[in-house]
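Asker: Using the sequences and the accompanying hints, generate a full structural model.
Residue numbers (our numbering), protein chains in the order written: chain Y, 46 to 365; chain D, 1014 to 1275.
Hints were generated in silico from the structure; no laboratory data involved. If you're wondering where the values come from, they're calculated on a predicted model, not measured in any experiment. Just so you know, even glycine gets a beta-carbon here, dropped at the ideal spot from N, CA and C. Watch out, some of these pointers could steer you wrong.
[Stated by the list, open to error] Covered, in the sense of this in silico footprint (three residues per stretch, anywhere, with C-beta under 8 angstroms from a C-beta of chain Y), are these stretches of chain D:
(1) 1125 to 1137
(2) 1213 to 1223
[Said to hold, decoys possible] Restraint-style ranges between C-beta atoms, simulated for each label pair:
(3) Leu1239/D - Ile163/Y: 46 to 54 angstroms
(4) Met1253/D - Arg258/Y: 46 to 54 angstroms
(5) Leu140/Y - Glu1076/D: 56 to 64 angstroms
(6) Ile163/Y - Asn1201/D: 42 to 50 angstroms
(7) Tyr214/Y - Lys1213/D: 56 to 64 angstroms
(8) Leu140/Y - Arg1120/D: 29 to 37 angstroms
(9) Arg258/Y - Ile1084/D: 20 to 28 angstroms
(10) Leu1131/D - Asn137/Y: 39 to 47 angstroms
(11) Ile1122/D - Arg162/Y: 30 to 38 angstroms
(12) Phe212/Y - Val1128/D: 57 to 65 angstroms
(13) Phe1127/D - Arg162/Y: 46 to 54 angstroms
(14) Val354/Y - Met1253/D: 48 to 56 angstroms
[Unchecked claim] Far from chain D by the CB rule (all over 12 angstroms, computed), these chain Y residues:
(15) Leu66
(16) Val242
(17) Thr249
(18) Leu251
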Amino acid sequence: MTFVKTSKLPPIATLGPLIALLLAVGFFATQSDRFLSVQNFSLILQQVMVVGTIAIGQTLIILTAGIDLSCGMVMALGGIVMTKLAVVSGMNAYLAIVCGLLACMAFGLLNGLLVTRIKLPPFIVTLGTMNIAFALTQLYSGAQTITDLPPAMTFFGNTASIGSAAFNYGTVFMLLMYGFMWWGLRDTQPGRHVYAVGNNPEATRLTGIATDRVLLGVYVLAGAFYGIAALLSVARTGVGDPNAGQTENLDAITAVVLGGTSLFGGRGIILGSLLGAVIVGVFRNGLTLMGVPSVYQVLITGVLVILAVATDQLSRKGAR
Amino acid sequence: MNTIPLVMEARGLVKRYGQVIALDGADFELRAGEILAVIGDNGAGKSSLIKALSGATIPDEGEIKLDGQVIHFKSPADARREGIETVYQDLAVAPAMTIAENLFLGREIIRSGFVAKLLRIIDKNKMLEESVARMNELKVGIRSMTQPVETLSGGQRQCVAVARAAAFARHVVILDEPTAALGVKEGNMVLELIRRVRDKGLPVILISHNMPHVFEIADRIHIARLGKRCCVVNPKTISMSDTVAVMTGAKRPDELPVECLA
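Answerer: Set out below in structure tokens:
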């Protein structure tokens, strides 16, 4: 009995995001002569750090065949918790940051418990917690922006320059997190179990893996990444903004799907999400340079996410 | 024949689901080195029996012995710890993961060293080597252990699932309808593998609806009926039609010629 090697997934699933990025870059280069410059690209990378960091958590959840609609709102809550505690309540800045992180992880835990214990679909759970997090953010902040942040909270917004390219620490930190998670998902036992749960939860459970614990861990870890994203967002804008996270919410999901991670779970590479986040950033930046009003940018992001999901669906069909 | 030691034994198993009595004092005996087919009509209690043996359900009454020791499984994980591996009906693999990863799913080999243990870093090379060795031992020819399982045919996937069970079982391999949903050629490929698992010395419990397959491969056939063990027959001396007659209740076991019983 010989096992014959058959064709793998169609290359579109892996090369798609890269082609999309090159096409977008090519298009915007013809539309604006400011687009193709080192300064502009370092600007795009800076703009990407928040969405990119949320997308790490989102990727983990989508790999388990879930989805997190609450990501941006949870991040906003984390940002308000850390800035208000530090500025208004006078808490030590580092302790306040930890509290913001814990608030996001608590939401992750809530999402995870509802998904694993009560077996609610992640879509509904996170649709609910999205609204809860948004309301809590507004209530706790009194809908007021929090300013005069301590330097510890704006550290990641600082930049280091190499020639004309400026990198902020937050972007470098995001890239390090991507590197670590890429390795972790590929080379560690918990990482492989994330894929297994997304691939075939029942078969995974029957091999003795505690699938509920894997799922719960994923949601809490995703919450931690939203908390880090909150810190990066606060650092980038220099304020605690109760209305943060509203574009990032869908942008992060778009980034993950554009990056080739299947919404059906178990397939995808986290570095694709970084690429997806850069694609979203390139679109936003390019459209802004072209002078396209932001409402059209929202429209185009919507089209992008549908295109990406359709590609995923069609390539799956081809593989069967 | 009766001097062959019993690997697994159950006496008087009872399992009730509300008003429904799924097992009504069922007995069970698995001998060393045999393929024992378990057949029965729908509702005869064969899947309840298998669930009890594999730890998926806890019987209300009765006892199960493994190598003469009374055991109490509370979960499939308990049974697995005792060296009983079960392959469930739906192809129990993670399709996008590689063959090697599927073989070691839930039992990944962790690299040595403190940091590796702390971060639970898997040893891919060792897993690959071990996979090749174990598949060779069962004569499952695979060109590449790093190809995703979804690139395999249904029969090949089932072979991976059976090989995984055989590679890790120390006492018993339980196969639930392993050839259902497979074509003739693919089914034969899996039957071949099951035979090799037995020849390796592992007793196999095979649940199947496919009479030709049962008669081709089983050493003995356990017929479940009305929550009990109706009888155990010898496929070499009984006809397929008599077997079906006993299974459906058209014939009583005492109407069978003595040499048919095993």
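Asker: None of the hints should be skipped; say for each whether it holds.
Answerer: Structure-based check of all given hints:
| no. | hint | verdict |
| --- | --- | --- |
| 1 | 1125 to 1137 | holds (count 5) |
| 2 | 1213 to 1223 | violated (count 0) |
| 3 | Leu1239/D - Ile163/Y: 46 to 54 angstroms | 38 angstroms, violated |
| 4 | Met1253/D - Arg258/Y: 46 to 54 angstroms | 47 angstroms, holds |
| 5 | Leu140/Y - Glu1076/D: 56 to 64 angstroms | 58 angstroms, holds |
| 6 | Ile163/Y - Asn1201/D: 42 to 50 angstroms | 46 angstroms, holds |
| 7 | Tyr214/Y - Lys1213/D: 56 to 64 angstroms | 58 angstroms, holds |
| 8 | Leu140/Y - Arg1120/D: 29 to 37 angstroms | 42 angstroms, violated |
| 9 | Arg258/Y - Ile1084/D: 20 to 28 angstroms | 26 angstroms, holds |
| 10 | Leu1131/D - Asn137/Y: 39 to 47 angstroms | 30 angstroms, violated |
| 11 | Ile1122/D - Arg162/Y: 30 to 38 angstroms | 32 angstroms, holds |
| 12 | Phe212/Y - Val1128/D: 57 to 65 angstroms | 29 angstroms, violated |
| 13 | Phe1127/D - Arg162/Y: 46 to 54 angstroms | 34 angstroms, violated |
| 14 | Val354/Y - Met1253/D: 48 to 56 angstroms | 52 angstroms, holds |
| 15 | Leu66 | 24 angstroms, holds |
| 16 | Val242 | 9 angstroms, violated |
| 17 | Thr249 | 7 angstroms, violated |
| 18 | Leu251 | 6 angstroms, violated |
When each numbered hint is compared with the structure, violations occur for hints 2, 3, 8, 10, 12, 13, 16, 17 and 18.
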